[in-house]
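Single-letter residue listing:
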Amino acid sequence: MVNKEVEKYLLKVQKPAKYVGGELNSVVKNKEDVEIRFAFCFPDTYEVGMSHLGMKILYSQFNSIPYIWCERVFAPWIDMEEIMVENNIPLYALESGDPLSEFDFIGFTLQYELSFTNVLNMLKLGNIPICSKDRTGLTNIVVAGGPCTCNPEPIADFVDIFFIGEGEEVDLEVMELLRECRKEKTTREEFLIRASQIQGCYVPSLYEIEYNEDGTLKSITPLNNAPKKIKKRLMMDMDNSYYPDNFVVPNTEIVHDRAMQEIFRGCIRGCRFCQAGFLYRPVREKSPEVINQQCHTLCSNTGYDEVSLSSLSSSDYSQIVPLLDKLTAWSTEEKVSISLPSLRVDGFTDDIMSKIKTVRKSGLTFAPEAGSQRLRDAINKNVQEDELLNTCRTAFSGGWTRVKLYFMIGLPTETMEDVNAIPALGKKVVDEYYKNPDRPKGKSVSVTVSASSFVPKPFTPFQWEPQDTISTIHKKQKSIKEHIESKKIIFNYHEADTSFLEGVFARGDRKLCKVMLKACERGFHFDGWSDCFDLQKWLDLFEECNIDPSFYNNRRREFDELLPWDHIDYGVKKDFLINECKKAYASKTTPHCRLECSKCGANRYGGGVCFEKH
Amino acid sequence: MKNIRIWFTKDNECKYISHLDLNRVVMRALHKSKINLWHTEGFNPHPFVTFPLPLSLGFRGVKECMDIRLIEDEYNKDEIISSLNDCLPSGIHVYDVTEPIMKAGKIDKGLFEIVIEDDTVDVDILFNNFKKLLQQECILVMKKTKKKGFKEIDIKPHILQWKVADYNEYIKCKVLLPAGSTNNINPTLIINAYNNKYNADVFYQITRLDIFDKDGNSFR
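From first to last, the protein sequence lines are chains A and B.
Residue numbers for the first sequence follow my numbering, beginning at 62 and rising by one.
Residue numbers for the second sequence follow my numbering, beginning at 21 and rising by one.
No lab work stands behind these hints, which were simulated from the structure alone.
Here the structure is a predicted model, which is why all the values come from computation and not from measurement.
Quick reminder that beta carbons are idealized off the backbone N, C-alpha and C, glycines included.
Mixed in with the good hints there might be a few duds.
As the list claims (entries may be wrong) - Chain B side only, calculated, beta carbon under 7 Å to chain A, not exhaustive: (1) TYR36; (2) ASP41; (3) ARG48; (4) HIS51; (5) LYS52; (6) ILE55; (7) PRO74; (8) GLY78; (9) ASP106; (10) TYR115; (11) PHE223.
Stated by the list, open to error - On the chain A side, residues computed to face chain B include the following (Cβ under 8 Å): (12) VAL67; (13) LYS69; (14) LEU72; (15) PRO77; (16) VAL81; (17) LEU85; (18) VAL88; (19) PRO283; (20) ASN312; (21) THR313; (22) GLU314; (23) ALA337; (24) GLY364; (25) TYR365; (26) THR533.
Chain A extracted, bound-state conformation:
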């Protein structure tokens, strides 16, 4: 719905289709007929948010319940934001056009630390009081879910309830609780206290934090009977978990403009830098029959001619070949192409290749993550150099000429030797192309070497590690650049500045809330976008607030230090993480879940890969 007041300005902004709704399959209900209105807010642009699978699942699921109406809200791009502020247009939801303040729940998904400022900015644009303590009554409950809630402390003052883990069940339980509390006419405080008793609900206002003199945490004390440890929620039976049979199909181009089919959650690998690999344990697969049927329905209902199989590592799906057989049985006939993102270097086999060959040969992406074998072992990537070269050979014979290789720099234990192994590996891939007699005739090869800067994250074996300083990262980037000799290699790298800020928020504590509040007052937003990000503005702000960002980023934490996220429990034991960290120092690998159980603790959930028969 687009109201006239907004319409006056729409032709003055870029891509106005982002701000009007009205897409195929968007859900419009009569607001008189519902009891709970939920504004699902994605703290980034429409193009990014509409590509997010989690939002699609929860949007459909919430709307399948008659008393709930869930609508979508995205961060307006800077041109639109300026117009909205200038003309007093509050941030509104796309389906009804109603302002945020009319919603019972204002729910954010936290996918990325640098979107935190957008969360606060969206509250501000919606005329919602930023701080939890300033909001009253049984409405405008601000909730947040997604991976970044594993350490939500930097925004603990602004969110009423964080959902820890997967949202399918807990979100609905909290909405039901609000209904009850309204009937009983309880206070907002009583509602929050009761919510804290629901597993997976973290009510930050019910925890008192004390600090030591050196700034580290002294204690985390729950109040009002809130649990000492907040345990994550997760769906154990993936085949019977809710999955949408329909997506909202955008009218303007978005980042991932295709149907998405989840095939499993979690990852068997245990790469030591990867937060998702630990947060979503254990691996839980859907059966090929269910995936195939859901996929087919989704394509029929959306009209998409491309479907991507989504997971953390598609080639680790235990029945990948039978699944692709099932899918290709109808997809070719119906002119639907199947794409398999997140392929591992060792997972790109001839068998898989021939089945996804119908897809345009745009390029293949692999992530060796580190240049040297020693460092790959230290991070537990478990990929051998010859596997990578074999895979590239397979791809080149199959007609691909473009390969993208993802690396990280700044990994724990990394030396300059490891860094310089990155361009060397790029060179070996180029050589592999020219060694290959089956290479596409008359075409040149292009190898993109992309290096991001490593940011240590909570709930990984590297959560105690110092992050490389900006100047060290620059030094490493420079060295890679100098060691690239071939013109066939394109080198990209991420800005060290943004990784710095990401690192501060990722392992920050509640002391950062005052920085966030000031950042919001000054109109900081879109920190993840180079259009808006300015590290100096942040450094000034830290200084003003008397906060040293390197305390969060560049300091080695002791294994026995109380961490800001220690009251949150993702099912993986701390002892296991410590042990993994020590193994990294010794460059020792850990086998993946299907080879051998490493006793991380995730078997307590009683299902998934932990109980698979091998």
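We have chain A already, so just place chain B on it with the hints.
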């Protein structure tokens, strides 16, 4: 093989779908509808769809069309209409399917209705000012050139017919302008001329009512 012309309206939220995006929306709707379309035979087969005259972003269209090619010669008009409407966003509504009579290249003029509001002045003033503007001997405006620059042109000779009427809160202007592959005048240029002349910033809503060949026959 058969070419057919699909007639539709483009309104509400869908006014803001750009032509490039409309193409994508239509492709997806056609794919979803399972209408038996003829596909190009290249490396990357795709259905054959063309739009005789694209509509500018933000305009309502009440008589828009696109041409598609079917595999079979026979088709059921009502079936195509209803299956496409099930697959399109609600702001795009298919109302007729015909056989193309004129070629797209025959399009020569477009009839537009512009609703103009300005809450800073009385409607009478708006009405008179607008009339004055259109009565001028020459109306100079800056027009974007294909080379990304601007050029000053006189649009007056291109305004083939015009009529202004006033209502309670707004005025309505109907204009006939050149439209087609060779010469095109966007009605927004008239609004720009008005805003420049009176230092105004009016709210306007443009609807394309119809398109014609050079003899004034409605495009079919």
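Against the structure, the hints come out as follows:
1. TYR36: 4 Å, holds
2. ASP41: 5 Å, holds
3. ARG48: Holds. Min distance 4 Å.
4. HIS51: 5 Å, holds
5. LYS52: Holds. Min distance 3 Å.
6. ILE55: 11 Å, violated
7. PRO74: 15 Å, violated
8. GLY78: 5 Å, holds
9. ASP106: Hint on B/ASP106: violated, closest Cβ of chain A at ~10 Å, above 7 Å.
10. TYR115: 18 Å, violated
11. PHE223: 5 Å, holds
12. VAL67: Status violated, d = 11 Å.
13. LYS69: 5 Å, holds
14. LEU72: With a minimum Cβ separation of about 5 Å from chain B (threshold 8 Å), the hint on A/LEU72 holds.
15. PRO77: 4 Å, holds
16. VAL81: 4 Å, holds
17. LEU85: For A/LEU85, the interface hint holds, since the closest Cβ of chain B sits about 5 Å away, which is under 8 Å.
18. VAL88: 12 Å, violated
19. PRO283: 47 Å, violated
20. ASN312: 5 Å, holds
21. THR313: The hint holds - A/THR313 has a Cβ within 8 Å of chain B, the shortest such distance being about 5 Å.
22. GLU314: 6 Å, holds
23. ALA337: 31 Å, violated
24. GLY364: Given a least distance of 3 Å, the restraint on A/GLY364 holds.
25. TYR365: It holds, given that the least Cβ distance between A/TYR365 and chain B is near 7 Å, below 8 Å.
26. THR533: 43 Å, violated
The structure does not agree with the numbered hints 6, 7, 9, 10, 12, 18, 19, 23, 26 stated previously, though it agrees with the rest.
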